[in-house]
Amino acid sequence: MADEVNQEAREPSRPQSRGGDRGDRGDRGERGGGGGRDQGRKFFRRKKVCKFCVEKIDDINYKDVRLLQQFVAERGKIVPRRLTGVCTPHQRRLTTAIKRARNIALLPFAAR
Amino acid sequence: MQKSYEVMFIVRPDFTEEDMDKVISTLQTHATNAGATVANVEKMGKRRLAYDVKKFQEGQYVLFTLHSDGKAIHELERRLRVTEPVIKFITVRTDEEHQRLEKIRKIRAAHTKRAPAESTPAEAETPAVSA
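Quick note, the sequences are listed as chains A and B, same order. For the first sequence, our numbering gives the first residue as 1, with consecutive numbering after it. For the second sequence, our numbering gives the first residue as 113, with consecutive numbering after it.
A portion of the hints provided could be inaccurate.
Sample of chain B residues at the chain A side, in silico, Cβ under 8 Å [unchecked claim]:
1) Val150
2) Ala162
3) Tyr163
Quick caveat, the hints were computed from the structure, so don't treat them as lab data. Even glycine gets a Cβ: it sits at the ideal position worked out from N, Cα and C.
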């Protein structure tokens, strides 16, 4: 985390990409390759779809650890929507489910 | 007002099956005495805890499904807190969620009935999900 901030500070060449664009950095990984950034996002990106919409999972239950684990990072953090592609209503339910699962020790609050 | 709840709790891992059954049955009677109806009791078995709880790394999960009012749940929670072998518990109200799911199912069924041929199932289902 701190690394990222430092890197950003060392790159004064992209001043306007700090605010709104910050969000979609993590999912692409290669930051230098995004040449189209300044010309109105011409780079290719695979369209992400909400897993719950596609597979028609209505019930996001806190007991379903297997399902929830897909949306929890290694350290136990909830993975943001912009990385997983989950739609807002489902992310909301997912969040509460993960938090419930944490409360009953099915998922870790913080791993290691 | 009758609502449906789920109460999940963890019993310490060194309890044998018999001890577990004893704990469960006493809690069950306490729940019924308080005015709740226990619809289902599920033993979910021994599981590794995601973090240490009272220095235990494992726990035996039990799930109660209840129909009750808030007071009975309050009483049951108090009992759980007092019961020593129970190391952790959580209560979740489920009736609203069940209603929501029922609604979605209905909308979905209506969609598939109305247009079974011309629209793909994905098209029919998307409004139901977002609703």
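**Q.** Minimum beta-carbon distance criterion (8 Å), Val150/B to chain A
**A.** This hint is violated: Val150/B lies away from chain A, its Cβ roughly 18 Å from the closest one there, beyond 8 Å.
Q) Would the stated hint for Tyr163/B survive a check requiring a Cβ distance to chain A of less than 8 Å? A) Result: holds, 5 Å to nearest chain A Cβ.
Q. When the nearest CB of chain A is found for Ala162/B, is that gap smaller than 8 Å?
A. Result: holds, 4 Å to nearest chain A Cβ.
Checked against the numbered hints listed earlier, the structure breaks hint 1 alone; every other hint is satisfied.
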